[in-house]
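*Asks:* Letter by letter, the chains look like this.
Protein chains: 4
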Amino acid sequence: MTQPTPKKPLRIGLIGAGFMGRAHANAYRRAPNFFDLPYEPVLKAICARSEGTAAAFARQWGFESAETDWRRMIERDDIDVIDICTPNDSHRDIAIAAAEAGKMVLCEKPLARTAAEGAEMVAAVEKAGVANMVWYNYRRVPAVTLAKQLIDSGRLGRIYHYRAQFLQDWTISSELPQGGAGLWRLDAAAAGSGVTGDLLAHCIDTALWLNGSVKKVTAMTETFVKERMHQITGKVEPVKIDDACAFLARFENGSLGTFESTRYARGHKALYTFEINGEKASIKWDLHDLHRLGYFDHGDDSLTRGWRSVHVTDHDMPYMDKWWVPGLQIGYEHSFVHQFADFLIGLGSGESAAPTFRDAQETQEVCEAVLASGADGQWHDVEGL
Amino acid sequence: MTQPTPKKPLRIGLIGAGFMGRAHANAYRRAPNFFDLPYEPVLKAICARSEGTAAAFARQWGFESAETDWRRMIERDDIDVIDICTPNDSHRDIAIAAAEAGKMVLCEKPLARTAAEGAEMVAAVEKAGVANMVWYNYRRVPAVTLAKQLIDSGRLGRIYHYRAQFLQDWTISSELPQGGAGLWRLDAAAAGSGVTGDLLAHCIDTALWLNGSVKKVTAMTETFVKERMHQITGKVEPVKIDDACAFLARFENGSLGTFESTRYARGHKALYTFEINGEKASIKWDLHDLHRLGYFDHGDDSLTRGWRSVHVTDHDMPYMDKWWVPGLQIGYEHSFVHQFADFLIGLGSGESAAPTFRDAQETQEVCEAVLASGADGQWHDVEGL
Amino acid sequence: MTQPTPKKPLRIGLIGAGFMGRAHANAYRRAPNFFDLPYEPVLKAICARSEGTAAAFARQWGFESAETDWRRMIERDDIDVIDICTPNDSHRDIAIAAAEAGKMVLCEKPLARTAAEGAEMVAAVEKAGVANMVWYNYRRVPAVTLAKQLIDSGRLGRIYHYRAQFLQDWTISSELPQGGAGLWRLDAAAAGSGVTGDLLAHCIDTALWLNGSVKKVTAMTETFVKERMHQITGKVEPVKIDDACAFLARFENGSLGTFESTRYARGHKALYTFEINGEKASIKWDLHDLHRLGYFDHGDDSLTRGWRSVHVTDHDMPYMDKWWVPGLQIGYEHSFVHQFADFLIGLGSGESAAPTFRDAQETQEVCEAVLASGADGQWHDVEGL
Amino acid sequence: MTQPTPKKPLRIGLIGAGFMGRAHANAYRRAPNFFDLPYEPVLKAICARSEGTAAAFARQWGFESAETDWRRMIERDDIDVIDICTPNDSHRDIAIAAAEAGKMVLCEKPLARTAAEGAEMVAAVEKAGVANMVWYNYRRVPAVTLAKQLIDSGRLGRIYHYRAQFLQDWTISSELPQGGAGLWRLDAAAAGSGVTGDLLAHCIDTALWLNGSVKKVTAMTETFVKERMHQITGKVEPVKIDDACAFLARFENGSLGTFESTRYARGHKALYTFEINGEKASIKWDLHDLHRLGYFDHGDDSLTRGWRSVHVTDHDMPYMDKWWVPGLQIGYEHSFVHQFADFLIGLGSGESAAPTFRDAQETQEVCEAVLASGADGQWHDVEGL
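Chains as they are written, first to last, in the UniProt record's numbering: chain A, 1 to 385; chain B, 1 to 385; chain C, 1 to 385; chain D, 1 to 385.
Simulated from the structure, these hints should not be mistaken for laboratory data. Check each hint, because a few of them may be wrong.
Identical copies look the same in the list; a pair holds intra-copy or inter-copy alike.
[As the list claims (entries may be wrong)] EDC-like cross-link-like pairs, simulated, lysine to aspartate or glutamate; straight-line CA separation at most 20 Å: (1) K8 / E40; (2) K7 / D300; (3) K269 / D289; (4) K7 / E64; (5) K269 / E279; (6) K322 / D36; (7) K216 / E383; (8) K284 / D300; (9) K127 / D359; (10) K240 / D316; (11) K269 / D300; (12) K240 / D78; (13) K280 / D301; (14) K7 / D78; (15) K148 / E351; (16) K215 / D376; (17) K148 / D301; (18) K216 / D376; (19) K8 / D78; (20) K269 / D301; (21) K127 / E100; (22) K280 / D300; (23) K269 / D314; (24) K280 / E175; (25) K240 / D93; (26) K269 / E351.
My request is simple: use the sequences and hints to build the entire structure.
*Replies:* Written as structure tokens, this is what we have:
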């Protein structure tokens, strides 16, 4: 049989072997099966602090080698792209080192713990001129991409309202410790913030993408459990993250935003929802049924007008021609596959896939304003880049 | 203030003071508040077997008098219309006597225990030339009336499928007795049949109205609890009704029907549902959220096509201009108010409101074929009238 | 037949013949049919500015007489209770005059345009010692009353979050005029405020009832359509109401509140929703399916834990033993019937039905703080009574 | 790093490169990433009639070689297992040849066109003593597996009703041709039957698994579009498949079954639903939201009893510990991954994963009875194996 020209390899070094490391590794592996891509991902190396973890992950996912020191991995010249899946406190150092070494840099969200860190990272990748992207994966859930298409096509008309929530309930127990493996998200030193950087960052990224820039915000934050045992120090220590955060926003386009996130909403595991109300139509979506998009079109005749539940599985839906047949849904992990495929397609065409570090820095700036407002109760303008 | 011409009184004699008696009395009382009607209902007399019941009901609902013998009530010349809300075994006798006395006759569904009884009743009211109607109330739930309008306007195109269910769970306990007050529906002598006459009769009436005549059926019936204490005899007696019944049907229009009813569907109280699939559009409805209509229009553009949940409360919806404002739902009892209003409007215009006894007899014929098939396992043609 | 002791009459004078007038009149008429009450409502007089309107309303609802001047109606000594269903700008004057005349006073919500007006009204009824109540009807939707019972029984445990919305879309068109019949809600002089007094007042009343007092708030308000033709002056005039308002709140019990209301949420007619997240369980409800309550119980075994959709129709549910049978839903108007029945029952027992004017004044104080914050962007404490 | 003992390779030869070929290939590739398995799948060869198709599929999915003649592939001694994803008319010949060659045999559903063919296949694999399995994948959707666990644990008690539907709408257009690539499902010669073998077979497999054997059935079948252009012959030819089929059933356990399938239900793409009503609890599920299970427990206290929507994503749910975190859903394709993982685990432990050919033959027997009843209108007993 005739062989087509082999594809260019893209040699990946993944840092971090946790939940997100798995999601990214799966994306590298799945994308070539379902997409026609200009690059062939090569799983060159996985880096984890523990040798055993790294080795096991390498076997499970087919990485060629395992490392335990990320600085060493960045030094390797057989790696083209560094993908950062570590806790937030190491994003800046790894990203800057990788950029300085001329590697492309992918970074799990949020970009950084603070806007200041993020700004350094943006500067580093832009100075190095390396491809870069942040894994705000929800943009590539087909129903969310469809929402973007509907908005861009003008179907909604002038936008009046944007509202989003990200509700979880996994930290209600005061027995849950903070810090260390699996729980660094409760440790402000590691995470930077609580739900703001972890969950609202997702809501904000989507909002900026779908509805444009945020001008100013006022916020309310709360830490319900004031002290938790710290897994690393072994001591009961104050909890310094925000357990819950809600904020009001004014967008550049004149619409009003309401955002809320918490890890104390009993009954919700990962209920990311958004709704957009326009003059002519409205859209809503939620992560617990991510394959559906709610759509209301005021242009429908009045006798049959109602919220439509669009089952986003037909082949003309974003990304869905790559998967199965109408009616058969995909899941969470596919958003990473789509983002990675888009990254490779972007590399091939020279147009980088969004969100870049610069795009993601805008989310950092909103988070910064939100946390500042949570602290002083004032409205805060969102700083420009 | 100038008084408009007073309306013609319509003097009502209601027989039966149970659940249905209340629903009808409420309809007489509310219709004039919400509709502009050519007649003024006058609650002349209530008849119940027990004097105390009749008196209490009269006070509660404002009837002018109370009777304990329906034959005596029919003899009264100050009554224009007899409304029958008794168990099924007395429908025939009362209806025929009332017709012969020249009264208009309203009858709670099912028309009769058997098609033979029903035929006598049709003959009686038609011979007497009196107005008559059967209370298949679900036709007048606004969402159901809307379904009829959408079908009649051709929106669905050729119909392929009609399916209906009526699921309840109230007779699962074998401790529940049969017969007597509140439980005559479990006694074949009083009810004629079980779920077929009680619940499937509703499904069939709606189906005939929305989708036309049924040609033939094949059915499966079951009695899960074989014996129950009989409240009247005080003895454990065989249960002779159908606890559950499902049937397949072929409609005259070439579509296929599937119907099912049971009182053993744990978790459902009064879950009457129907769905109609046409070439161009589909419709679905259920009684547990009766103010909504599901509608799918294949003509919608493919990116936003989906089942619509129409909240049937706007003023251009059937009957809804009479009630509140958009977004505010009405309930079960309103279907009776609508039907009674339509009856009075029909009287005024000389066009009788459906379903008449003759219309309802078609449902009896389908029930008869269903029960016959349940007994012998064969397909049965539905007899003409 | 033996007549029981006749009930005491309660002679009602209703002021206002609009949408709310009908809802109240219906409540007077329906309550005695479905509830066993210590008083017999007598529909003594309806007052509307137009003689024709008053006369027609009297005929439709069976009032004995019609008035066109509310002061004259208050002077009548054959009236026990004055029920105020006029636009907000006349609530104070009518209520105070009625109280001074020794009448019981019922008032449609919001109590007043401002907290200052409300305070005068509270003082007047308390000084006169007359029974008084404000028609925050949603407390008596059975599912909402059930929510109250569940919370009071301790099922939710410590409360973390309370969120509510009231979303409508009826004023999006800039062609819609303001002021005058049917549109006084858009006229700040008549209404006092926009969505805050009209819609958020409902959300706040329920929240105070279910979750206790609010300590402080920060708000964002917006008027999307800046000018509208005024129906009374005939001129294009500035719109001075809030078209949309969102606010963040801190409750006395330590929980966080988020509230939002708008008349620019395309696709929603009267979507009042609330959700409460407690340590052990959560509850949610919405007005578009008012007969259902969402309930999540963390105590359920993990394999079958999930949000329950409780169909609030069984006879052990609040108020539902008065209506039909399990599975058959009631609607919007029934909340008024329940509130009126509770008022009469309260009169009989000497315990006044909530919310009284004093209760409703707490909602006024929250609204006042919200509007102040919307104006200056600061957090505002809610003033005590 | 220390290498663990390498896993035993399992060398796979896949026949068929269509939709199902992709679903199976994906299962081989993903299972080792997410499960700890005793065998390492080796994608040895793909067989497709067209050389180009086979080569492209091999590249896309990483098969080592490509074949165009399935007989040749079976002859290869470097292949352990033959997986059949061809149209139904070749299942028998391939399976028997593979079994006779001593290969393990996996077969896409339905097992065969007819019960007679199926019986030969069962005999062949059992005579050869080779591992065998049929890809009734829906058993391994976590929510469906959970349903099985709940039933087996006795939570439902005595079962009264089982109902299932599989509704599609893709063949409504009479312009759609029959036969050949992508459309062999409309050609009775290739498919054996229409919706009965294609869709009801799924419903029946699940039903037999969850609810035990079916004793007898009565069915109604219909072919709405009588003639279609045949893609292979190029002529308009009669359509000989069943476009729609509904049947009533009696199970061995005394419960009643209703089943329906069609490709003419406008608005439904792949709406496989089932509901089971037991004395103590009920369960429902549908493929359009496959990550949820509906559950109603009559044992819940009456004030909060309602249908629960269980979001089947927590780590204690079947298979879900292998995937992401609570709240994040998986999709259709995962059911194949699970089944393949179970097959390998079964091989390792010597216990073969269900459904085997013998298990799947019971579904063939039900289909046979259904089609016979569709033809003659009589109740048919289901033949034993």
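*Asks:* Among the hints numbered above, which are violated by the structure, and what are their numbers in rising order?
*Replies:* 2, 10, 12, 25 and 26
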